[in-house]
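Line by line, the protein sequences are chains A and B.
Read left to right, the first sequence gives residues 1 to 100 (UniProt numbering).
Read left to right, the second sequence gives residues 1 to 100 (UniProt numbering).
Incorrect hints may appear among the rest.
[What the hints assert, rightly or not] Per the computed footprint, the stretches of chain B lying under chain A, defined by three or more beta-carbons under 8 Å from a beta-carbon of chain A, are:
hint	region
1	22-36
2	43-51
3	84-93
[What the hints assert, rightly or not] Some chain B residues near chain A, calculated using beta-carbon distances under 7 Å:
hint	residue
4	Lys3
5	Leu40
6	Pro97
[What the hints assert, rightly or not] Chain A side only, calculated, beta carbon under 8 Å to chain B, not exhaustive:
hint	residue
7	Ile15
8	Glu16
9	Leu19
10	Tyr22
11	Arg23
12	Ile53
13	Val64
14	Ile88
15	Met91
16	Val95
17	Ser96
18	Pro97
Source of the hints: derived by calculation from the structure; they are not laboratory data.
These figures come from a predicted structure and were not determined experimentally.
Quick reminder that beta carbons are idealized off the backbone N, C-alpha and C, glycines included.
Here are the chains, one letter per residue:
2 protein chains.
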Amino acid sequence: MLKVIAEDFIKPEHIETVLPLYRELVAATKQEPLCIAYDLFIDEKDPGHFIFIEEWPDRAALDVHCATEHFQRLVPAINQYQRQDGRIVLMDTVVSPATN
Amino acid sequence: MLKVIAEDFIKPEHIETVLPLYRELVAATKQEPLCIAYDLFIDEKDPGHFIFIEEWPDRAALDVHCATEHFQRLVPAINQYQRQDGRIVLMDTVVSPATN
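Generate coordinates for the entire structure from the input sequences, incorporating the hints supplied.
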């Protein structure tokens with residue numbers, strides 16, 4: 001299991017521009033057969049800070065996602081409105097709770 | 001609904017020290033009646049970078065969590081091994097997928 005956090009930082013004047021692009025990206029990605037979870041949140045202190053929380057079975061599934069038509073078309077369309085580089089963290093280990 | 005990402009950065013020589021503290025914190029928090037989700041992951045590129053992905057009904061529930069005995073005891077015990085300040089992002093807006 002691969003958990004992913006991907007963060008984008010969008011210029012304030014372009015938030016309304018990117019919202020429909022994000023909505024299309026989320027809708028299309030959720031239809032990918034290998035997608036376990038793909039949800040997009042907004043920082044309550046910064047409306048241009050968008051955060052994806054994703055779950056994929058493995059790295060190969062994430063690579064398939066990144067090669068899809070919708071990803072290849074929509075991500076560059078969104079990124080032209082970035083105010084700074086995005087940030088991505090891949091996490092494949094969960095710390096299980098204590099069993100006692 | 002309140003989604004939270006909380007990140008800690010632990011000194012490499014103290015990772016083994018904090019793991020049982022994290023396990024106890026996750027186990028105790030999952031038993032809180034208001035906790036919807038509280039999972040801890042590790043950055044696959046940085047074993048000292050711990051990431052909580054949390055879900056609470058609202059800010060008041062998060063405040064209750066931060067006031068619990070286990071939080072008040074375990075978080076300072078973990079934080080003494082930090083190599084840099086942690087980072088927390090509160091997110092209360094989800095971008096719903098396009099409906100068409």
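Hints broken by the structure, by number, lowest first?
7, 8, 13, 14
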